Amino acid sequence: EIVMTQSPATLSVSPGDRATLSCRASQSVNRKLAWYQGKPGQAPRLLIYAASTRATGIPARFSGSGSGTEFTLTISGLQSEDFAVYYCQQYNNWPPTYTFGQGTKLEIK
Amino acid sequence: QVTLTESGPALVRPTQTLTLTCSVSGFFLTTSALCVGWIRQPPGKALEWLALIDWNGDKYYSTSLKTRLTISRDTSKNQVVLTMTNVDPVDTATYYCGRIVNCPLWTFDIYGQGTMVTVSS
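Taken in sequence, the protein lines are chains A and B.
Per our numbering, residue 2 is the first one in the first sequence, and the count goes up by one each step.
Per our numbering, residue -16 is the first one in the second sequence, and the count goes up by one each step.
Because the hints were derived from the structure by calculation, they are not lab data.
All figures in this text were calculated on a predicted structure; none of them were measured in a lab.
Honestly, I wouldn't trust all of these hints.
Stretches of chain B that chain A covers, calculated by requiring three or more beta carbons in the stretch to come under 8 Å of a beta carbon on chain A [as the list claims (entries may be wrong)]:
#1 7 to 14
#2 30 to 43
#3 86 to 92
Ideal Cβ placement from N, Cα and C applies to all residues, glycine included.
Work out the full structure, taking the sequences as your base and the hints as a guide.
Laid out in C-alpha cells, this is it:
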C-alpha cells in the first residue's frame, strides 16, 4: 500500500499570507495526486487533481505542484474560509488502492 | 445538478451488519467511465477509501476491509449500496459516497454530505 505523509500536522498562518503544505508518497504516484479541503460537517471538497490542475470553481489562489513522490499545495492570500484541514490523496493504481494523507490543519495565527 | 446523498442508521450494535445507501442524481451509474465509491472518516482521524463500483458493475475493495464489505447498485433507482458485516466500535465514522468521472484516470470530484454512524452497544 502506498503511504501518504503530510507535513506539517498543523500550520499557523495569518490571513493574507501564503501557506505551503507538503505531501510525500512512499513510492512514485506519477502525477496522480489530489488535494481536498475538509471542514466540519461538510463533504471533502476537491481542490486539485493531477497534481496541479484546479478543479472546477476553485480560486486561482490555490495551486499544486510536484510529481513522483513529492507534492506541494500552496494557498496564496489566505482568506478566512481557507482555514480548514487539507488532505492529499493518491490514485495512481488500478485496480484502485486509493490512500489519503493524515491531513494538515491550517489554522489562523 | 449533481448530488449524492448518503443514508443509513445512525447507531449500529457491534457484530451487526451496516447497510448504507448512496442516492445519486444528475448522472447515471451506467454512464461510461463513471465510478461511485465510498470513503469514511472516524472522528478526528484521516479519510479512508473503502470500495468502488464502476459503470460496468465491476467492484473493487480496500484490501484491509474486503472480507467485510460488499458494494452493489440498483441502476433503476440510481443507488449504490455498501454493506459492512460484523461492525465494531472502530467502524464509528462519517461515511461518504463520491463520484469519479473519467474513471479510472481521475479521482473523486464530488462527495455527498456524509452520514455519521456510531457503533456501540
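(message) Three residues or more, CB to CB closer than 8 Å: is that satisfied between the region 30 to 43 of chain B and chain A?
(response) Answer holds; 5 residues pass the 8 Å Cβ test.
(request) Quick one: see if chain A covers the region 86 to 92 of chain B, three-plus residues with Cβ-Cβ under 8 Å. (result) As far as the region 86 to 92 of chain B goes, the hint holds, because 5 residues have Cβ atoms under 8 Å from chain A.
(request) Confirm or reject the coverage of the region 7 to 14 of chain B by chain A under the rule of 3 or more residues with a beta carbon closer than 8 Å to the chain's beta carbons. (result) Check failed, 0 qualifying residues.
Checked against the numbered hints above, the structure violates only hint 1.
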